[in-house]
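Student: Just so you know, the sequences run in chain order A and B.
The first sequence runs 0 to 301 under numbering that gives the first Met the number 0.
The second sequence runs 0 to 77 under numbering that gives the first Met the number 0.
Since the hints were derived computationally from the structure, they do not count as laboratory data.
Among the hints, a few may not be true.
Derived DSSO-like pairs: lysine-lysine, alpha-carbon spacing no greater than 30 Å straight-line [as the list claims (entries may be wrong)]:
1. A:Lys276 to A:Lys84
2. A:Lys241 to B:Lys31
3. A:Lys241 to A:Lys36
4. A:Lys173 to B:Lys43
5. B:Lys54 to A:Lys36
6. A:Lys173 to B:Lys18
7. A:Lys192 to B:Lys43
8. A:Lys74 to B:Lys43
9. B:Lys29 to A:Lys173
10. A:Lys74 to B:Lys18
11. A:Lys266 to A:Lys276
12. A:Lys266 to A:Lys252
Stretch-level coverage of chain B by chain A, calculated; a stretch enters the list once three of its residues show a Cβ under 8 Å from a Cβ in chain A [stated by the list, open to error]:
13. 34-41
14. 51-58
Chain B side only, calculated, beta carbon under 7 Å to chain A, not exhaustive [unchecked claim]:
15. Ser24
16. Arg25
17. Ser46
18. Pro47
19. Ala48
A virtual CB, placed ideally from N, CA and C, is assigned to each residue, including glycine.
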Amino acid sequence: MTGAAYTEKDFSLSNNPDIAPEVVEAAIKLQYKARLKGRNLLGYKPLTVSTTSTIEEDETTGAINWLSENGSLPKMDFSFVKGTKRVRPYGGYFEVSEEQQEDGATDEIRVMVNNVAYAMAYFEDLLVYEDIINATGINTIDATNPWDVVTGATAGDPPDDIQRAKAAIRQVTKGWEADTLVLSELAVAKLTKYDWFRNRCYNAFDAQGYLVTARLPPILGLNPLVDDAIDPLNEGRALVCKAIDIGVWEERKPIATRNIPGYLLGKDNVAFKYTAKAKGEPNIKQPKLGCLINGLFTEEEG
Amino acid sequence: MAKKTPVKRTGPMLEVVVKAGYIESRDGIKGKKGETIQIPENPKEQSPAIRQALKSGKLKVVQAAADLPPTTGTQQIE
Numbered sequence: 000m001t002g003a004a005y006t007e008k009d010f011s012l013s014n015n016p017d018i019a020p021e022v023v024e025a026a027i028k029l030q031y032k033a034r035l036k037g038r039n040l041l042g043y044k045p046l047t048v049s050t051t052s053t054i055e056e057d058e059t060t061g062a063i064n065w066l067s068e069n070g071s072l073p074k075m076d077f078s079f080v081k082g083t084k085r086v087r088p089y090g091g092y093f094e095v096s097e098e099q100q101e102d103g104a105t106d107e108i109r110v111m112v113n114n115v116a117y118a119m120a121y122f123e124d125l126l127v128y129e130d131i132i133n134a135t136g137i138n139t140i141d142a143t144n145p146w147d148v149v150t151g152a153t154a155g156d157p158p159d160d161i162q163r164a165k166a167a168i169r170q171v172t173k174g175w176e177a178d179t180l181v182l183s184e185l186a187v188a189k190l191t192k193y194d195w196f197r198n199r200c201y202n203a204f205d206a207q208g209y210l211v212t213a214r215l216p217p218i219l220g221l222n223p224l225v226d227d228a229i230d231p232l233n234e235g236r237a238l239v240c241k242a243i244d245i246g247v248w249e250e251r252k253p254i255a256t257r258n259i260p261g262y263l264l265g266k267d268n269v270a271f272k273y274t275a276k277a278k279g280e281p282n283i284k285q286p287k288l289g290c291l292i293n294g295l296f297t298e299e300e301g
Numbered sequence: 000m001a002k003k004t005p006v007k008r009t010g011p012m013l014e015v016v017v018k019a020g021y022i023e024s025r026d027g028i029k030g031k032k033g034e035t036i037q038i039p040e041n042p043k044e045q046s047p048a049i050r051q052a053l054k055s056g057k058l059k060v061v062q063a064a065a066d067l068p069p070t071t072g073t074q075q076i077e
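Extracted from the complex, chain B is given alone in its bound form (with noise of 0.2 Å):
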């Protein structure tokens, strides 16, 4: 098996406030419930508990105001 390479976080990264309990990932990050924390924003530099707690809405996504959809005159009431 390909031995892995430690992961050298460089890209952007996310904004996440935890849902667990508590959540601990091999590189570091560390968090309680409630608290707000960083993690990569690329998949492959997140850890398998990140990538776990991403999907199962143990971490959730901090939306910064220019992420959420906008709200247009234009837009039709269907």
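Isolated chain A, as found in the complex (with noise of 0.2 Å):
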């Protein structure tokens, strides 16, 4: 002691709280929250083990009708199809070496947590996307001409092809109707081609009636949602679905964060090294609910 009341330590960068590493655990969970977006399509199932079975529904038979003379209801039902699914942990880490922890490198911290976050959030959205895709009974169309031909005789028409994939949903559910279109990144460029979109784009208003520029607003009563897990490869896909309904996120244990320090690892020059880890698996179990728009960009001819 020096009879200080504080240390030269206590003043040092080291020292900044916004890298303590509680600090730096907090932000990759709150980045990470706020990265959801396919996720946050699905409903939530908490998990007590790491096994689930897969129940999709099959086709939906029997109709609502007049009651008969004596009363009796005309029958519907539900067929379901069982699976089974293992419920995988995936994550991953970074570190901090000691030299970004003394200069109190906030900024170089804030990026690698960051990356981080996006990245598991991320992989969450090609996880749901994979599932809806690879859901055997998701309805699908084709765009009747792709999206980035603009004028001609075979220009593309978003509005009915996006039209044409609620009416499948409708019809194949007897009713329900779809509330999401998903887009890629490539896909929405693509629609800001079309004068009707890119005018609705500037001429959007929030909540409160504020004119908002270059926001995307709702299309056929649809909320877009920009999202490219839905194509990752830009084979042009676009996601009309009705959200919450279509399947769950089944969790068994949400992100969980430990800092480590680095000379418990045998690194010196670590300071420490935080992973992030999660286990939860997607299980679509009304893909009815889904309709898939194929072929929105023109293919080279091979």
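Relying on the hints, combine the two individually framed chains into one complex.
Tutor: Shown next, in the form of structure tokens:
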């Protein structure tokens, strides 16, 4: 003790509260939560074991009808196809060097936090869409013409394609209405070539009634969601669906973070290793509540 | 980008069962769940929706008797 109330170390940048391990861990979780897109399309179900049974709803048989004279009700039946699925853990880590900690490099640490948080959220989005796209029961249509042709006889007609997707869901489900349109970044770029879409982008209003520019407007009553994970390879795909009801995110463990001091790892130059882990899987139980629109982009003649 | 010319279906067709709720291609092929429909056998003549559906099991190829592996008396049992 020097007799001073605070030591030099207390005032040093390494004690910057912005890079305290607890704060960094909290930042990972905050950024991750804010970035979730595809996962928010699904309902939520906590799991108590690491396997889950996939129950995919089959065809709806029967229909609502007039009651017969003796009052008997027509039977509606919903058959299910069962399977099992293992819920796997996933995650990543990054290391903050001793120099970054000592120098209080908040900017560098913030970028690393975002890198791992965004990557976790994007990984989950990819899982969600992979399951939706490959669900056998999901409705599938082609765009009448590719959306990247704006004029001429073979011009694309996005509203017509989106409306047909809505109609397909309504027909198959006997009345369900889709509420969400998921588009990739490139699909949005193609849509901006259409005057009607561009005009709406510059004349959209927020919830308070103020004019906001460059915000995606609802299209045919569907909330637009831009998520590149729907079409990571730019194959030309969009999704129309009824959010929340199409499936659930089954979670065994929510995101968990941990900080491990570098010296415990035998790495003297590492101040902290931060890990982020989670364990969950999407379960698309009602694929008939979705419709894929394929062929949004012109294919090169091969 | 090259302009896509409409594909004329001239080649052999493939019989498939629809597993998706509903499927519709831009060249007029439609089908509901459980129906058997015909699609072009040549992948170049298939629309993106048909190709994606075949890949992900939304369309299942009906195997003709001739396609099934033959069972012969000389088959070795291991």
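Student: Decide, hint by hint, whether the structure agrees.
Tutor: Each hint, compared with the structure:
no. : hint                 : result
1   : A:Lys276 to A:Lys84  : 19 Å, holds
2   : A:Lys241 to B:Lys31  : 20 Å, holds
3   : A:Lys241 to A:Lys36  : 14 Å, holds
4   : A:Lys173 to B:Lys43  : 34 Å, violated
5   : B:Lys54 to A:Lys36   : 26 Å, holds
6   : A:Lys173 to B:Lys18  : 18 Å, holds
7   : A:Lys192 to B:Lys43  : 28 Å, holds
8   : A:Lys74 to B:Lys43   : 44 Å, violated
9   : B:Lys29 to A:Lys173  : 18 Å, holds
10  : A:Lys74 to B:Lys18   : 23 Å, holds
11  : A:Lys266 to A:Lys276 : 22 Å, holds
12  : A:Lys266 to A:Lys252 : 29 Å, holds
13  : 34-41                : violated (count 0)
14  : 51-58                : holds (count 5)
15  : Ser24                : 5 Å, holds
16  : Arg25                : 4 Å, holds
17  : Ser46                : 5 Å, holds
18  : Pro47                : 4 Å, holds
19  : Ala48                : 4 Å, holds
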